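**Student:** Those protein sequence lines, which keep their order, are chains A and B. Under numbering that gives the first Met the number 0, the final residue of the first sequence carries the number 154; numbering is consecutive throughout. Under numbering that gives the first Met the number 0, the final residue of the second sequence carries the number 104; numbering is consecutive throughout.
There could be a bad hint or two in this list.
[To be verified] Computed footprint of chain A on chain B; a stretch qualifies when at least three of its residues, placed anywhere within it, have a C-beta under 8 Å from a C-beta of chain A:
1. 13 to 27
2. 51 to 59
3. 72 to 84
Note that these hints are calculated values from the structure, not bench results. Being a predicted model, the structure only gives us computed values, none of them experimental. Beta carbons: idealized from backbone N, C-alpha and C, even for Gly.
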Amino acid sequence: MEILILVILLALGYFFGQRAEKKHFKSIIAREKASLTCPTVTMKTPPPIHNHELNSKLVTGSVVISIDYFKKFVASLKMLFGGRVTQYESLLDRARREALLRMKEQAALNNAFVVMNTRVETSSISKNSKRRNSVGAVEVVAYGTAISLGKKIDA
Amino acid sequence: MLLTNLEQVPGKKIIQHFGLVQGNTIRAKHLGKDFLAGLKNIFGGELGAYTELLAESRQEATDRMVQQAQAMGANAIVNIRYSTSSVAQGAAELYAYGTAVKIDQ
Numbered sequence: 000m001e002i003l004i005l006v007i008l009l010a011l012g013y014f015f016g017q018r019a020e021k022k023h024f025k026s027i028i029a030r031e032k033a034s035l036t037c038p039t040v041t042m043k044t045p046p047p048i049h050n051h052e053l054n055s056k057l058v059t060g061s062v063v064i065s066i067d068y069f070k071k072f073v074a075s076l077k078m079l080f081g082g083r084v085t086q087y088e089s090l091l092d093r094a095r096r097e098a099l100l101r102m103k104e105q106a107a108l109n110n111a112f113v114v115m116n117t118r119v120e121t122s123s124i125s126k127n128s129k130r131r132n133s134v135g136a137v138e139v140v141a142y143g144t145a146i147s148l149g150k151k152i153d154a
Numbered sequence: 000m001l002l003t004n005l006e007q008v009p010g011k012k013i014i015q016h017f018g019l020v021q022g023n024t025i026r027a028k029h030l031g032k033d034f035l036a037g038l039k040n041i042f043g044g045e046l047g048a049y050t051e052l053l054a055e056s057r058q059e060a061t062d063r064m065v066q067q068a069q070a071m072g073a074n075a076i077v078n079i080r081y082s083t084s085s086v087a088q089g090a091a092e093l094y095a096y097g098t099a100v101k102i103d104q
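Using the sequences and the accompanying hints, generate a full structural model.
**Tutor:** In structure tokens form, the structure reads like this:
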């Protein structure tokens, strides 16, 4: 009976998880292409623009993404042997890119042309902290300063 | 109040420093939402309720930092940083800090 439940959970996780991830990556790639005009950089020095006033505003984007049951199961098996755990790699990749995109969306609302000093921070939210090595979900927050052009200055 | 995580405000001059300002908030998980999140743990994907909760809490921490800066008479906060830490099981602390300054408008 218990094995049956496990198999059902694994199958649900596999089908829905795989589908959700594919859909998510597709939307991430499309949105990344659309937002290429506003780069995010980690530099701190503002661009040397002297004929315009610069407006700056803090923008943030955050997301909490959970892993599916199938991947969690496979990852826990991999942890016995060590090595690369691709299951978690794609989870974190998705979360970071999504957070950055949400930050960029906010920047676009302010007509920004660049987001400076971008920082990305990750923290894990484990659903069940009794189990030591369970990465239930990750929270990623991305923040930076959106710079937009203000009034023109006559030199 | 102008918020930025750069060390200066582009195009503006900092005329006075007020020192560190900070804001924090600690949030615990909601039981009902946690149950739904547990279900989502099977299928995978975004936990919308948590995203919202954490974004809200982070905003609150920021608001507290801004209040502190306003009380000092600052009109901008530079070099803002966010950090998250878990203090107890099922509770997270969201912390925002920065330097309160006065810029000439």
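**Student:** Hint by hint, say whether it matches the structure.
**Tutor:** Status of each hint after checking the structure:
1. 13 to 27: Check failed, 0 qualifying residues.
2. 51 to 59: Since 3 is at least three, the answer is holds.
3. 72 to 84: n = 6 at 8 Å, threshold three: holds.
Taken one by one, the earlier hints fail for this structure only at number 1.
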